[in-house]
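S.K.: Residue-level listing of the chains:
Number of protein chains: 2
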Amino acid sequence: MIDQLINKIKQTNNPTVVGLDPRLNLVPKAIREEMFDIYGKTPEAVAKAYLKFNKGIIDEVYDLVPAVKPQVAMYEQLGAVGIQSYIDTISYAKEKGLVIIGDIKRSDIASTAKSYAEGHIGLVDVEGEKFEIYKEDFITLNPFLGIDSVEPYFEACKTRNKGLFLLVKTSNPNSGQLQDLRVENQYLYEYVGGLVSKWGEDMIGESGFSKIGAVVGATHSEQGIRLRAQMPHTFFLVPGYGAQGATAEDLAGTFDKNGLGSIVNSSRGIIAAYQKDCYKEFGEANYGKAARQAVIDMRDDLNRVL
Amino acid sequence: MIDQLINKIKQTNNPTVVGLDPRLNLVPKAIREEMFDIYGKTPEAVAKAYLKFNKGIIDEVYDLVPAVKPQVAMYEQLGAVGIQSYIDTISYAKEKGLVIIGDIKRSDIASTAKSYAEGHIGLVDVEGEKFEIYKEDFITLNPFLGIDSVEPYFEACKTRNKGLFLLVKTSNPNSGQLQDLRVENQYLYEYVGGLVSKWGEDMIGESGFSKIGAVVGATHSEQGIRLRAQMPHTFFLVPGYGAQGATAEDLAGTFDKNGLGSIVNSSRGIIAAYQKDCYKEFGEANYGKAARQAVIDMRDDLNRVL
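Heads up: the protein sequence lines correspond to chains U and B, in order. Going by my numbering, the residue at position 243 of the first sequence is 243; the numbering climbs one at a time, nothing skipped. Going by my numbering, the residue at position 56 of the second sequence is 56; the numbering climbs one at a time, nothing skipped.
Pulled out of the complex, with its shape left as it was, chain U reads as follows:
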């Protein structure tokens, strides 16, 4: 799937992934009211509103971007109806040909990790009947528990052409509290980067990149440059652009000399573009068109520095 992702980045000339992280205050009033009328002011109404909202975004951006990244927390918080909305969002985006990065950041071991792997990127076996449940192409994981928390996902990567993005350096203000500690003459995030790189060594595709990728926040540009040099075969998922304050220049160093190597996430900046002054003329009803314009502007902004 890493090769397909990179092909789609080349086709669209756009290393942007749209973060489908809905919150109720980002959803246009008309969609909210429609669902409240049917389901009342309930978590079910919110879950249905998120799905409709997402479809409106996907319809307008699927030809311009390689991938979408739904953040499971926004759906999970609503309970079972939310999880169904997450699954239905993924199905819809897949029908439109998009690569799916499930932002789940799970972190567990042994039979627990195996359960996550089966559900999200593998198959759930009910006494011989096999079910694909979530159908993500990639998922994010937190490797703080070591190889035991990552290895249970390798089988699905190898046999079902799936991929992972493992947290190496995150984009939050206090990510350095642990990740920037010095260990064995390097930063902890570099040490983790070295492990991630090694774990992915035997899963490198035709593109030259491994199925085992890394999350590398864009908020500190020198760190991105250092990790790109250290991990030439590791593809990066880069959060932090836009709403979190990182600019195209900040993250340029996470790309290689061919202009590849990273896919950059923007969530609110795209899905709620219609709320921003610069896209206000689209109006709430055309929130999808506003998202489309925001994707075009982001693509051009990134290509400016590549």
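Just so you know, the hints here were simulated from the structure itself, not pulled from any lab data. Mixed in with the good hints there might be a few duds.
Unchecked claim - Facing chain U, according to a computed beta carbon distance under 7 Å, are these residues of chain B, among others:
1) I31
2) Q84
3) E129
4) I225
Claimed, not checked - In silico DSBU-like links for lysine-lysine, alpha-carbon gap of 35 Å or less:
5) B:K55 x U:K41
6) B:K135 x U:K135
7) U:K130 x B:K94
8) B:K55 x U:K114
Everything numeric in this text was worked out from a predicted model, so none of it was measured. Heads up, the beta-carbon is just placed ideally off N, CA and C, and yes, glycines get one too.
Use these hints to put chain B onto chain U, whose structure you have.
M.R.: Chain B alone, transformed into the frame defined by chain U:
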């Protein structure tokens, strides 16, 4: 809730938490067949089987243990029907007066962490209507992203009497790959322990323990002793007993001189006790009674060393 948990440990004279981590091969055939007859060989049948299985365990152990710890992965892998089974399991256990530790090990920041917090231990606000979705009393979290991944949960801890268990030292064989690295003249897990201890300083209850607890694996006894000394006000959730190989002696050092300070998890060793040679006489139909006996034996084994 930390004070309630400790009171319940004293009442039951039992620092055991039963891990409700069902797998299909742990569920007695009669329950499986019943659900397959109704729902076919589907994830829905599995989700319903887990709920019925859990109820059979809870009915037999609720008077003997302070708490249960459902592992969300087992349910999540089944999709929306699985999440409903997780929620229904929690509701049932709460009706029986048990404290609920949701083993979710989430790790995210900002509005994402806030979403998890609202859903799991807080309230989801649908334009003024408030909903409790998962209703755990405690949840586990992975603190690798630093304070930004923990602080969004503090409000619910403070205002809704909830609690957290943050991963400090895990029980898996390769937990040392990152957690045992040397940083600033100590092990990384000790450094994390120091942070966890500090973060919980202003949430210490009448019991002398903070609402912010730690996960401390029992598989390395010296580490448990060191962390107990370092973190006198931090309550520990201790995995690793039984199926993962740790003995009562291995984890005795995680308790303080009053015989308090830890709650010890056992999952398979209790819920699938009926499959073990020593409890085989109960038979599949009496899997709940076998679990009850396993809880009594574990309680006595732990009290032997306290």
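S.K.: Compare the structure with each hint and give your call.
M.R.: We went through each hint and held it up to the structure:
no.: 1; hint: I31; in the structure: 13 Å, violated
no.: 2; hint: Q84; in the structure: 4 Å, holds
no.: 3; hint: E129; in the structure: 4 Å, holds
no.: 4; hint: I225; in the structure: 22 Å, violated
no.: 5; hint: B:K55 x U:K41; in the structure: 31 Å, holds
no.: 6; hint: B:K135 x U:K135; in the structure: 28 Å, holds
no.: 7; hint: U:K130 x B:K94; in the structure: 33 Å, holds
no.: 8; hint: B:K55 x U:K114; in the structure: 24 Å, holds
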